[in-house]
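Enquirer: The residues making up each chain are set out below.
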Amino acid sequence: MRKILLSTAALLAFGTGLAQAQVKIGLAGPLTGANAAFGVQMKTGADLAVQDINKAGGVLGQQIQEVTIDDACDPKTAVSAANTLVSDGVVMVDGHFCSASSIPASKVYSDNGILEISPASTNPAYTDEGTAFTFRTCGRDDQQGKVAAEYIADHFKDAKIAVLDDNSTYGKGIADQVRANLAKLGVPIAYNTSYTAGDKDYSALISRMKQQGITLVYIGGYYSDSGLILRQGAAQGFTPQYVSEDAAVTAALWQIAGPTAEGMLMTFPPPAEKDPAAAKVVAELAALKEDPTGYVLYSYATIQIWAEAAQKAGSTDPSKVAAELKSGGPWASVLGPVSFDAKGDVVNAAYAIYKWHNGNYAVSALKP
Amino acid sequence: MAYALQQLVNGLTLGMIYGLIAVGYTMVYGIIGMINFAHGDVFMIGAFIGIIVITALSGITAVPLGLLAALIISAALCGLYGFSIERVAYRPLRGSFRLAPLISAIGMSILLENYVQTSQGALERAIPNLIPGGITLMRQDGFAVQLTWMQIAIMAVTLVVLAVFTYIVTKTPLGRAMRAVEQDAKMAALLGIDTNRTISTTFIIGSALAAMAGVMFLLYYGVIDFYIGFNAGIKAFTAAVLGGIGSLPGAVLGGLLIGLIEAFWSGYATVAYKDAAVYSILAIVLMFMPSGLLGRHEVEKV
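Chains A and B supply the protein sequences, listed in that same order. All residue numbers for the first sequence refer to our numbering, where the first residue is 1217 and numbers rise by one. All residue numbers for the second sequence refer to our numbering, where the first residue is 49 and numbers rise by one.
Be aware that one or more of the hints could be misleading.
Where chain B lies over chain A, by a calculated footprint (3+ residues, C-beta under 8 Å) [said to hold, decoys possible]:
#1 1469-1477
#2 1506-1520
Here are the computed distance ranges between Cβ atoms for each label pair [said to hold, decoys possible]:
#3 A52(B) to D1304(A): 50 to 58 Å
#4 P1486(A) to Y163(B): 38 to 46 Å
#5 I100(B) to A1499(A): 33 to 41 Å
FYI, nobody ran anything at the bench for these hints, they're computed from the structure. Cβ coordinates follow ideal geometry from the N, Cα and C atoms, glycine included.
Pulled out of the complex, with its shape left as it was, chain A reads as follows (with noise of 0.2 Å):
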């Protein structure tokens, strides 16, 4: 009885592989800690496209076959996630989040040969240390420092300025081009500062600001602190104009701020989801009740694109999609089309400023 059971089992598994070929790509993002938030709107944007892709027919007749894995940010956690993403044979990773991930990721993935396309890590130094493998589906933080800069300058030229970063490679790098940026428009800024991300008390800061009389905070980190840092504010008083980044674009931060964050300005690229490019898988998210904003999209167009490069090179062999990607765009996708340059970056990246009002964040201005 046993054996008939086992045998049969595994003729079970050899008739399923037998009939459909699969190609196995990665998902990489922080599914736990502090930047949950955002690995769930990865998730969600990575499952929908791959459920979309293998409806349709799959990537040159091969199912995909989504491995997720989770790297909490944290830059050791992310390598031994992508060792675990190639001993399991993905062709590609959608990820990681954090730029902090990413880079260190990044190594494994070029020594593999495996493709790493980042929906958010928006550090220069992703693609710029990057190798043929490295690519991402966002702009940039010297882009995304730019717009932020030029826009403190246009609206709040005699604002008093407070410049603060968590101390991570991507809250210090935004914000560190937040500050050249405001130095070459000859904008001072009167307080500069790195707190521990991660940290939970931050009223010792506040008062320090709030005894300078700073008027605008720019705050380069991710939304579990900047929350953090809007609500202990508004309980001692201190109510300036803060400006965040594109890591503080999710529902959480209002969770945790509240009405505090009310007219929070936000940098963030242009809303994909009102691209009528996206039109059709936003209704689909709109069915699983799913919210469009923040980076499913971005997670969404990185398979949807992989997908279509994978197809036009008749492969999808890493270092052949690769190739594609650079040289066969642009490439449609939710985003609107996507060419890449020759270091993996999206071409023209814009960023738009956006606006926190009543629980909803909304494009404010497109340019600065």
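For this one, chain A is given, so just place chain B on it according to the hints.
Expert: Only chain B this time, still in chain A's reference frame:
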């Protein structure tokens, strides 16, 4: 002057929370000579029980009643956690070599973290500020010193809890038994003290205090996740060592000092290196006073 006063308020509030957690570390160390690394996670579970109770009661009862219920239920359930942790992870190893319960404690800490992560989810949980507002203590050159109701509540609850606790340890038969077991467990047992029971009670009281600290942390910061026990635990452990591990007033003093160092260092030096400042001061204190500020010199028992 006003600014310094504001930083004093910030530091004291933070220090009170550290101190309350540190008391649990120091109690357990005093009585069985081990560092209970799972203590920070009991604090985290206390905060989670708090958020569950507050969410369940919101709208049904008045806010102060809900908060009181959260404190009591959380303390009771965490006492149960403390009791079970000791029973499952430490008691079977009591006769074993010194490092065994320590490793067991680290295992317990990871277990509790992962348990909360799977049962409550990995995302942060937030509650709105339940006691908004406060009073302005003084104004000087346009700088208003704010003391929020929440900060007053934290200080008041901490002081009351510590007063009750000091009374238990110094004036009741249970406290006497605890001190006896701490001094010499074998001799205490020979004199008719139920050591197992005393140790269990110590864990229950320590965990209940951690739970209260957890609920107050939740109320003050409004945001918790399964990982808060780690950072808070490390800081509280540092507080216990700074004050002299094994000494109860030392734990509170250590907690307050660390809170104040963090606030004043951030306020006058640089925010970025406040943790470095805390640990440097710890290192310097231990160099000159190896048993901490109020710790007794450890006499080697032969």
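Enquirer: Look at each hint and say if it fits the structure.
Expert: Hint by hint, here is what the structure shows:
no.: 1; hint: 1469-1477; result: holds (count 3)
no.: 2; hint: 1506-1520; result: violated (count 0)
no.: 3; hint: A52(B) to D1304(A): 50 to 58 Å; result: holds, 57 Å
no.: 4; hint: P1486(A) to Y163(B): 38 to 46 Å; result: holds, 43 Å
no.: 5; hint: I100(B) to A1499(A): 33 to 41 Å; result: holds, 36 Å
In terms of the numbered hints stated before, the structure departs from hint 2 and from no other.
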